[in-house]
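Peer 1: Residue-level listing of the chains:
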Amino acid sequence: GNSVTQMEGPVTLSEEAFLTINCTYTATGYPSLFWYVQYPGEGLQLLLKATKADDKGSNKGFEATYRKETTSFHLEKGSVQVSDSAVYFCALSGRAQKLVFGQGTRLTINP
Amino acid sequence: DTAVSQTPKYLVTQMGNDKSIKCEQNLGHDTMYWYKQDSKKFLKIMFSYNNKELIINETVPNRFSPKSPDKAHLNLHINSLELGDSAVYFCASSRDPSSYNEQFFGPGTRLTVL
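Protein chains in written order, with the numbering used here: chain L, 1 to 111; chain S, 112 to 225.
Wrong hints could be hidden among the right ones.
Cut-off 30 Å, straight-line C-alpha distance, at most; resulting in silico cross-link-like pairs (DSS-like, lysine-lysine) [unchecked claim]:
1) Lys120/S - Lys56/L
2) Lys178/S - Lys77/L
3) Lys77/L - Lys60/L
4) Lys120/S - Lys60/L
Using C-beta positions, here's what the derived DEER-type ranges look like [as the list claims (entries may be wrong)]:
5) Asn168/S - Asn22/L: 43 to 53 Å
6) Asn168/S - Asn110/L: 28 to 38 Å
7) Gln81/L - Ser191/S: 44 to 54 Å
8) Gly41/L - Ser191/S: 40 to 50 Å
9) Ala53/L - Asp129/S: 26 to 36 Å
10) Asn59/L - Lys133/S: 24 to 34 Å
Just so you know, these hints were derived from the structure itself, not from any lab.
Note that beta-carbon positions come from the ideal geometry of N, C-alpha and C, so glycine has one too.
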């Protein structure tokens with residue numbers, strides 16, 4: 001079945017550092033790929049998405065590119081802020097029409 | 112105006128009890144979902160309804176019964192609660208079941224079974 005693997009957390013960085021959170025997937029067909037973010041005590045919010053190979057999703061300075069050849073959708077940001085501290089989830093949605101999530105990566109940014 | 116709302120936000124109850132969690136969305140979406148998030152933050156889908164019809168039913172004990180009285184509501188009833196049911200339950204909705212659609216999540220209901 002479909003699955004998503006994210007880099008293990010927690011990840012701790014200083015403000016203005018470069019961020020990469022790795023995500024790889026296994027799926028049949030051509031899934032859509034998503035990054036969701038969960039701030040403390042809240043539900044998940046969509047951060048960005050890509051629906052076909054080579055698409056780049058971007059939002060709030062975050063980017064991720066749908067790489068079919070490496071089955072990856074790594075999340076990057078050039079300069080993180082304290083307000084980016086949250087749990088980040090990579091997810092895919094395929095023919096079964098359900099979101100399959102990675103295990104989540106907790107990110108803490110120190111001032 | 113909350114897009115996806117859930118009640119209650121917190122639920123503490125004894126083993127063996129029956130409880131319900133309510134979910135409402137005011138986005139005009141056709142599709143609604145229930146997810147369970149365990150203590151390690153792992154999220155897994157439980158059910159999905161489209162236009163009041165069940166379309167996804169994962170391997171969930173039959174003590175869990177979803178009910179969708181209309182497109183805007185999807186409630187979750189849990190019978191004979193067990194310790195392992197303690198988790199955060201999230202409701203979500205999307206415009207339709209298409210795989211590329213964003214899902215909008217509610218704030219979650221933290222269930223604690225004692």
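Peer 1: Lysine 120/S and lysine 56/L: Cα distance at most 30 Å?
Peer 2: Outside the cut-off at roughly 36 Å; violated.
Peer 1: Is the gap between the beta carbons of asparagine 168/S and asparagine 22/L within 43 to 53 Å?
Peer 2: Violated, at about 32 Å.
Peer 1: Does lysine 120/S pair with lysine 60/L here, judged by a C-alpha cut-off of 30 Å?
Peer 2: holds, 29 Å
Peer 1: Range first: 24 to 34 Å. Now tell me if the beta carbons of asparagine 59/L and lysine 133/S are that far apart.
Peer 2: holds, 31 Å
Peer 1: Would the pair lysine 77/L and lysine 60/L pass a check requiring their Cα atoms to be no farther apart than 30 Å?
Peer 2: The hint holds at about 9 Å.
Peer 1: Within 44 to 54 Å: is that where the Cβ-Cβ distance between glutamine 81/L and serine 191/S falls?
Peer 2: Between glutamine 81/L and serine 191/S, where Cβ atoms are some 46 Å apart, the hint holds.
Peer 1: Is the hinted pair lysine 178/S and lysine 77/L satisfied, with a Cα-Cα distance of at most 30 Å?
Peer 2: Roughly 41 Å between the alpha carbons, so the hint for lysine 178/S and lysine 77/L is violated.
Peer 1: That 28 to 38 Å hint for asparagine 168/S and asparagine 110/L (C-beta), does it hold up?
Peer 2: violated, 44 Å
Peer 1: Between glycine 41/L and serine 191/S, is the Cβ distance one that fits in 40 to 50 Å?
Peer 2: Cβ of glycine 41/L to Cβ of serine 191/S: about 29 Å, so the range 40 to 50 Å is violated.
Peer 1: The hint says 26 to 36 Å between alanine 53/L and aspartate 129/S; measuring C-beta to C-beta, is that right?
Peer 2: With Cβ atoms ~47 Å apart, the hint is violated.
When held up to the earlier numbered hints, the structure conflicts with 1, 2, 5, 6, 8, 9 and fits the remainder.
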